[in-house]
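These protein sequence lines are chains L and D, in that order. First residue of the first sequence: 0, per numbering that gives the first Met the number 0; consecutive thereafter. First residue of the second sequence: 0, per numbering that gives the first Met the number 0; consecutive thereafter.
In short, the hints are calculated from the structure, not lab data. Source: prediction; values computed, not measured. Careful: at least some of the hints might be erroneous.
[Claimed, not checked] Here are some of the chain L residues that sit facing chain D, going by a computed Cβ distance under 10 angstroms: (1) H90; (2) L101; (3) R151.
[What the hints assert, rightly or not] Below, simulated EDC-like cross-link-like pairs (lysine to aspartate or glutamate); rule was C-alpha separation at most 16 angstroms, straight line: (4) K178(L) - E31(L); (5) K183(L) - D224(L); (6) K154(L) - E31(L); (7) K164(D) - D84(L); (8) K164(D) - D117(L); (9) K284(L) - D267(L).
Note that the Cβ used here is the ideal one computed from N, Cα and C, for glycine as well.
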Amino acid sequence: MAAIIELQRISKHYSKTIIGVDDVSLDVEDGEFVTLLGPSGCGKSTLLRMIGGFEAPTHGMIRLAGQDVTHVPPYRRDVNMVFQDYALFPHMTVGENIAYGLKIQGRSRAQARDMAVDALALVGLPDKIDQKPAQLSGGQRQRVALARAIVRRPKVLLLDEPLSALDARLRDQMRIEMKHLHEKVGITFIMVTHDQEEALTMSDRVVVMEKGRVAQDGRPQDLYDQPASPYVANFIGTTNFVAGSLTGRSPAGTRIASAAGDFTATADLALPQGAEVTLGFRPEKVRLLAEGETAANVVPGRIAEVIYYGLGLRTTVELAGGTQVHVDCLLPDSLARSAVPQPGAPVRLGIEPHNVFVFAGRVAA
Amino acid sequence: MSHKPSSSFVADTALTTFVCLLMAFLYVPIWVLIAFSFSSSRSLTWPIPGFTLDWYRKLFANADLLTAVGNSFYVATFASLLALAVGIPAAMALHRFNFWGKTLFRRLILLPITLPGIVTGISMLNMFRLFGFNPSLETVIIGHATALIGVVVTQVFARLQRLPKSLEEASSDLGAPPLHTFLHITLPNIRSAVFGAGLLSFVLSFDEIPVTFFLTGRDNTLPMYIYSTMRRGVTPEINAVGTLIVLASLILIIVSVLLSRDRSPR
Chain L
0 MAAIIELQRI
10 SKHYSKTIIG
20 VDDVSLDVED
30 GEFVTLLGPS
40 GCGKSTLLRM
50 IGGFEAPTHG
60 MIRLAGQDVT
70 HVPPYRRDVN
80 MVFQDYALFP
90 HMTVGENIAY
100 GLKIQGRSRA
110 QARDMAVDAL
120 ALVGLPDKID
130 QKPAQLSGGQ
140 RQRVALARAI
150 VRRPKVLLLD
160 EPLSALDARL
170 RDQMRIEMKH
180 LHEKVGITFI
190 MVTHDQEEAL
200 TMSDRVVVME
210 KGRVAQDGRP
220 QDLYDQPASP
230 YVANFIGTTN
240 FVAGSLTGRS
250 PAGTRIASAA
260 GDFTATADLA
270 LPQGAEVTLG
280 FRPEKVRLLA
290 EGETAANVVP
300 GRIAEVIYYG
310 LGLRTTVELA
320 GGTQVHVDCL
330 LPDSLARSAV
340 PQPGAPVRLG
350 IEPHNVFVFA
360 GRVAA
Chain D
0 MSHKPSSSFV
10 ADTALTTFVC
20 LLMAFLYVPI
30 WVLIAFSFSS
40 SRSLTWPIPG
50 FTLDWYRKLF
60 ANADLLTAVG
70 NSFYVATFAS
80 LLALAVGIPA
90 AMALHRFNFW
100 GKTLFRRLIL
110 LPITLPGIVT
120 GISMLNMFRL
130 FGFNPSLETV
140 IIGHATALIG
150 VVVTQVFARL
160 QRLPKSLEEA
170 SSDLGAPPLH
180 TFLHITLPNI
190 RSAVFGAGLL
200 SFVLSFDEIP
210 VTFFLTGRDN
220 TLPMYIYSTM
230 RRGVTPEINA
240 VGTLIVLASL
250 ILIIVSVLLS
260 RDRSPR
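Chain D on its own, in the form it takes in the complex (with noise of 0.2 angstroms):
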C-alpha cells in the first residue's frame, strides 16, 4: 500500500470540486433572483442592462400583495404558536409517561407530516364545511398546524431524551411542584429545541401552498399571491419579493443560531 502523492492531489481536487459544484447548485439561482430584482429591464437578461429600485418601490406600493404579506405573518405566527402548545405537552407525554397505545399515540401525531398536503387540504376542508366553518385565515392556522406539530414534537421529544431525569427530580426534591419545575427547569433547557422547532414551523408555514390553497378563503397569502401573479410570468417585483425574504431567512437564521447557542456546553 504505497500512496503516491499524486493520488491524494487527485481526490482533493475532485472533492474541491465537488463542493463547488454543490455550492453552484445550491446558490447560484438565490444570487441571480437578486440580481435580477436589482435590474432596470422588465425581461430577464443576462447581463442586467441597469441598476434600479423601482421594483422595490412598486411592491411597497402593492396594496394587496402587502395584504398578502401581513396574511401570511398572522398565519405563520399562530400556526407555529399553535403547534408549541400542543406539540410541547405531546412530547412531554412521549418522554415522561409509559401509557397504554403510547406507540400509537407517537405514530398518529407523526403521520400527518407525511400526508401529502393535498389530502390534508381536502380533507380538512370536508371537515370545516361538515362543522359549518367557512374557509378563513383561522382555518389555514389550524391546517397547518396538524403537520407541524409532528415537527415540534420530533424536535422537542428529542431533546428531552437528551435532558438527564434527574434534573426534573432535584428540582422535585428541592420542593417544586411540577409546574414549578416545568417552567424553571425543563423549559430553559429545552429552550433551543423549542425555538428551533417554532422557527422552522414558521418557515414551512409561511410558503405554504396545498394545504393554505384548499383552506383559505378571501385572503391570500404570499406564496398564493406569488403563484397568482406568476401566470403573467415572473416579474422583476417577484424577484424583489424574494429577495426580500432571503434578507428575511437570513436575519432569522442569524438570530436563532444566537439565541440557540447552548451557553453551557455539555
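The shape of chain L in the complex, shown without the other chains (with noise of 0.2 angstroms):
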C-alpha cells in the first residue's frame, strides 16, 4: 500500500517563540485510521487543519497521492473535513447541505439527491433529508456532518474531535459506528482527539503529539505495553512511576534499584550502570499477594487507600521509600469482598518483569 498522505518535516511557526508544530514526518498509508492524540495546545489540530488546507505550514511539504499539496487551497485538495461544531449550513435543508459539494463538481440535481440519500442511510439517517440542522439533535447532526464529508468519496477523511460534543452513551455507540463506517466505505480516517480510549479503541495507529511533536506513533497495543516515555505512559492509561538506578544485567533482565526495593525488567535500555532510570508500571499490572505467593518482583508496602469503584477496587498503596502507587484489582464476585484490604494493612506486590517500563532519566511523578 501506498502513502496517501505524506508530511515532511511540517512546522508551523506562529512567531519566534510561539510554535505549533515543530518538524513533523509522517506517513499515513491508504485506508489506515490514523489517529493525532494529545492534550490541548500539542498541535494536533494545527496538523490536521494543514492537511485539510485551512492553514499553511512554515516549514514542510504535504504530499496528497503523491502531490504536493502544501500551498493547495481547501476547494481544490480531495481531502474532506468533519469539523467539531459539524458546521452544517443552518440556511440549508440536510438534503442541500449533502449535495452542496456534489453541485459543485457539477452534478445533477437529481444525481446529487440519490447521492445523499445513500450517504444518510450509510450513516442511519435515511428520513431526515428534507429537515433542517436546527431540528436535529446533535448526534444526528453529527451524522449529517459524516455524510456530508464522505459523500464526495475524498482520498482523506479529516475528522477535528468529531465526538467531543456528544454526551457520553452517545459518544460510545458513535465510537463503533464510525470505525464501521470506516471499514464500509474504506477511505483513509485521520482523526484528532484528545481521548485516550477514543484514539484506542477506533484506531488502526495512533500519533501520540506533545508540544507540536510526535512523541510515539504506533498501534494501540504497543503504544499502551511499551510507551516510549512516562509521558506517553502517563497520557495513554495510568502508570505508576518510581526512581531508580541502573544497577546490571542478568539473563533475567535489566537490574535496577530502588527506595521500595530491587526490580528486574525484561526492557533492556542501552544505559551505563548507575544511570538515573524511572520505572513504571500500570495500575492492573500489578497484583496484591496473598500469603505464600511470590513473583519475580516482590514489593512490600502499606496500603494507603481503598476506592471502590463497581468493576473492582483502586488501592493506594505506599511502598518503602514514600512513593505511593496506585494497584487495581477486579472483585470477581462478592464473596471477595470480605478478603478486601484494608487501609494500614501490609502488603506484598508482585510485578512481572515484561510489565514494568524502563525510562531514562527521572520524572517528577
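Reconstruct the complex from the two isolated chains, following the hints.
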C-alpha cells in the first residue's frame, strides 16, 4: 500500500517563540485509520488543519497521493473534513447540505439527491433529508456532517474531535459506528482527539503528540504495552512511576535498584551502570500477593487508601521510600469482598518483569 | 428583610405609570399628527371640527411635493445600495483579514457617523466644486453614503462575528471557491444584518437634511421641501405627508421583521 498522505518535516511557527507544530514527519497509508492524540495545545488540530489546507505550514511539504499540496487551497484538495462543531449550513436542509459539494462538482440535481440519500442511509439517517440542521439532535447532526464529508468520496477524511460535543453514551455508540463506517467506505481517516480511549478503540494507529512534536507513533497495543516515554505512559492509561538507578544486567533482564526495593525488567536500555532511570508499571498489571504467593518482582508496602468503583478496587499503596502507587484489582464475586484489604495493612506487590517499563532519567511523578 | 405586599404594589404602580408616560411621550405626537391630517379646519384646534380627506387630495395634486417624494426615494435607494456595496466588503475585510493599520481603517470608516452633517456637507461641497462636479441628487447620494457606510459596516461586522468561521471553511472544504462561498454561505447567513442595515440606511437617508442642504442642486428632497414650506406654518397638508410616512414606516418595519426573522434559531 502506498502512502496517501506524506508529511515531510512540517512546522508551523506563529512567531519566533510560539511554535504550533515542530518538525513533524508522518506517512499515512491508504485506507488507514490514524488518530492524532494529545492534550490541547499540542499541535494536533493545527496539523489536521494543515492537511485540510486551512492553514499553511511555515516549513516542510505535504503530499497527497504523491502530489505536493502544501499551498493548495482547501477547495482544490481531495480531502474532506468533519468539523468539531459540524459546521452544517443552517439555511439549507440536510439534503442540500450533503448535495452542496456534489453540485459544485457539476452533478445534476437528481444525481446529487440520489447520492445524498445513499450517504444518509450509510450513516443511518434515511428519513431526515428534508429537515433543517436546527431540527436535529446533536448525534444526528454529527451523522449529517459525516455524510456530507464522505459523499464526495475524498481520498482522506479528516475528523476534528468529532465526538467531543456528544454525551457519553452516544459517544460510545458513535465510536463503534465510525469504525464500521471506516471499514465500509475504505477511505483513509485521520482523526484528532484528546480522548485516549477514543484513540485506542477506533484507530489502526495512534500518533501521540507533545508540544508540537510526535512523542510516539504506533499501534494502540504497542503504545499501551511499550510506551516510549513517561509522557506517553501517563497519557495513555495510568502509570505508576518509581525513581531508581540501573545496577546491572542478568539473563532475566535489567536490574534496577530503588528505595522501594530491587526490580528486574525485561526492557533493556542502552544505559551505563548507575544511570538514573524511572520505572513504570500500570495499576492493573500489579497483583496484591496472598500469603505464600510469590512473583519475579516482589515489593513490600502498606495500604494507604481503598476506593471502590464497582468493577473493582483501586488501592493506593505506600512503598518504602514514601512513593505512593496505585493498584487495581477486580472483584470476581461478592465473596472476594471479605478479603478486601484494609487501610494500614501491610501488603506485597507482585509485578512481572515484562510489565515494568524503564525510562532514562528521572521524572517528577 | 420582610416585604410587605403594599410596597411591591407601590413599585408595580410606579413602574406601570412610568411606562405609560414614556409611551405617551413617544407616541402621542404621532397620534396628534395623524388626527390633524384629517381635520377640516386649517388652524390646529382641538377637538378637530370635522373629518376630511381634502389634504390628501391636495397632496396628490401637488406636483412639487410628489417630485420631492420621488427624489427622496431615488436618493435613499441609491445611497443605501452604495453603502451596502462598499460596506459589506469592508466589513468582510475587517472580519477576515489581519492587516497593517486595521484599527485605523476601522476608525476611519466609522468616523463619518460621528461627524456632524454640516461638516460632511460643507467639506463635500468644497470637494465637488474642486473637481468640477455640480451639486445634484447624485452628489447627495455620495454624501449620504459616506456616513451610511459606517452604519452598514457596524451591523454586518457584528453579524459576521457571530457567524462560526467553520461554515466558510466547510464550504471551501467541499470545493467551493471563495466567491461561491460568499454568495451561497456567507451572504445567506448575514442576510438579516444586510437587510437591517439597508433599511436603516434608507430611513436615515430619507429624512436627512444638513448634508442634503449643501449638496443638492435645484432638486428638493421631501424633508427639504417640508422644511421650506414650514415658513408658512404647519399646514394640514404637511400633516398628511407625515401620516403617510408613518404608514410607510410601519409597513417597512413589518416587512423587515418578517424577512429578517432567522428561520433557524441559533
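Verification of the supplied hints:
1. H90: holds, 5 angstroms
2. L101: holds, 9 angstroms
3. R151: Since chain D brings a Cβ to about 7 angstroms from R151(L), closer than 10 angstroms, the hint holds.
4. K178(L) - E31(L): holds, 11 angstroms
5. K183(L) - D224(L): violated, 29 angstroms
6. K154(L) - E31(L): At roughly 11 angstroms apart (the allowed maximum being 16 angstroms), E31(L) and K154(L) satisfy the hint.
7. K164(D) - D84(L): Answer holds: K164(D) to D84(L) is near 10 angstroms, not above 16 angstroms.
8. K164(D) - D117(L): With a Cα-Cα distance of about 29 angstroms, the restraint between K164(D) and D117(L) is violated, given a limit of 16 angstroms.
9. K284(L) - D267(L): violated, 19 angstroms
Violation of the numbered hints given earlier is confined to hints 5, 8 and 9; the remaining hints are satisfied by the structure.
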